[in-house]
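Sequences and hints are given; from them, build the entire structure.
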Amino acid sequence: VEASQRRMVTKWISWLVQEMVFPIIRCHFYATDTQTHKNRIFFYRKGIWSRLVTATLQSLEETSFKRLTAKEVTAMMDRSNASNLGFSNMRFLPKGSGLRPLATLNKPTTFVVKGGGKNSMRRLKKFDAINRRLKDVQDILHHETVRDPNVLGAAVGDYKAALLRLGPCLRAIRRQKLLGRRPQAYILATDIKGAFDNLPLESLERVALDLISSSSYQTLHYAVVKQNGEAKYKKLVSSLPTAAKGERVPGPLVTEAQRVSNTGGAAILGRESRNSIVIDAGFAKEISDENIVPLLRAHLRE
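For what it's worth, this note's numbering labels the leading residue of the sequence shown as 1, then goes sequentially.
Keep in mind that a hint or two might mislead.
[As the list claims (entries may be wrong)] Straight-line alpha carbon distances no greater than 30 Å define the calculated DSSO-like cross-link-like pairs of lysine-lysine that follow:
1. Lys11 x Lys135
2. Lys38 x Lys135
3. Lys160 x Lys193
4. Lys193 x Lys177
5. Lys95 x Lys114
[As the list claims (entries may be wrong)] Simulated DEER-style distance windows between Cβ atoms:
6. Pro294 x Ser203: 17 to 25 Å
7. Met90 x Ser203: 21 to 29 Å
8. Leu124 x Ile192: 35 to 43 Å
9. Lys95 x Ser50: 44 to 52 Å
10. Val9 x Ala55: 43 to 51 Å
11. Arg67 x Val112: 17 to 25 Å
12. Ile277 x Leu68: 48 to 56 Å
13. Leu124 x Ser4: 42 to 50 Å
14. Ala189 x Leu124: 24 to 32 Å
15. Ile192 x Ala70: 34 to 42 Å
16. Thr104 x Arg51: 17 to 25 Å
Treat the hints as calculated values from the structure; they're not laboratory data.
As the structure is a prediction and not an experimental result, all values here were calculated from the model.
All C-beta atoms, glycine included, are put in the ideal place defined by N, C-alpha and C.
The following block contains the structure:
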């Protein structure tokens, strides 16, 4: 009886919060986190939030964004080519001075295409999430940077990579201290205002395209199970060379139809440690530069 009553109370509280409390809050407040407080929720009155967003949009139109006409939007959204990435929704994140615009690239979007006449039917055009559309581009560029880390110069992508670069320097300083010397070490941290807004996109596009060294790539998904029961899902990306006459030369990964000459299993086993079970997911995907180059250009230019 007590368990049944507890379940009823839990359901009632859940209904009260979801059907009563949340709608009332949404009617009067805009709830969001901030750039400096990720685990705290701030509530802005709708009128105040509307004025903040309007001022931010006006500032963006004066600097880096352009407001499109309805005809321009319809023409862009109604293109049928494969490189049409569509659009992304934008949200604003409060920061110390004003709002920071954030594009939600990880969610699909829908656009209503209006007909030309008064009685013409409207139709919905759906776009996949931009991050999903660009996943192949990211896989290829990541594969090329792993294959030749020198192309990144001194750039690092995370704290682990920064530590690998900083470690030899710190060890050299410690050795100097053991010898009785006192070398001075300085670490400089800077925050460049509007860094991404001022990137030379033409130069960035040229650098990214120069990284693509093959006309065809393949990705293979697999899982690795360790002795302790730990399982990890991984992805292996490899370039496929082509013969002089344009015929495909079997690389370390091939599609299911080319399993006769498949050496993908050997490529995977060469990457993984011993005493592990490698499970092929059962499919390989071929990626052509004819598909990824237009997507990359569309992402940088539009």
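Outcome of the hint check:
no. : hint                        : verdict
1   : Lys11 x Lys135              : violated, 41 Å
2   : Lys38 x Lys135              : holds, 27 Å
3   : Lys160 x Lys193             : holds, 25 Å
4   : Lys193 x Lys177             : violated, 37 Å
5   : Lys95 x Lys114              : violated, 37 Å
6   : Pro294 x Ser203: 17 to 25 Å : holds, 19 Å
7   : Met90 x Ser203: 21 to 29 Å  : holds, 26 Å
8   : Leu124 x Ile192: 35 to 43 Å : holds, 40 Å
9   : Lys95 x Ser50: 44 to 52 Å   : violated, 18 Å
10  : Val9 x Ala55: 43 to 51 Å    : holds, 46 Å
11  : Arg67 x Val112: 17 to 25 Å  : holds, 18 Å
12  : Ile277 x Leu68: 48 to 56 Å  : holds, 53 Å
13  : Leu124 x Ser4: 42 to 50 Å   : holds, 45 Å
14  : Ala189 x Leu124: 24 to 32 Å : violated, 47 Å
15  : Ile192 x Ala70: 34 to 42 Å  : holds, 36 Å
16  : Thr104 x Arg51: 17 to 25 Å  : holds, 23 Å
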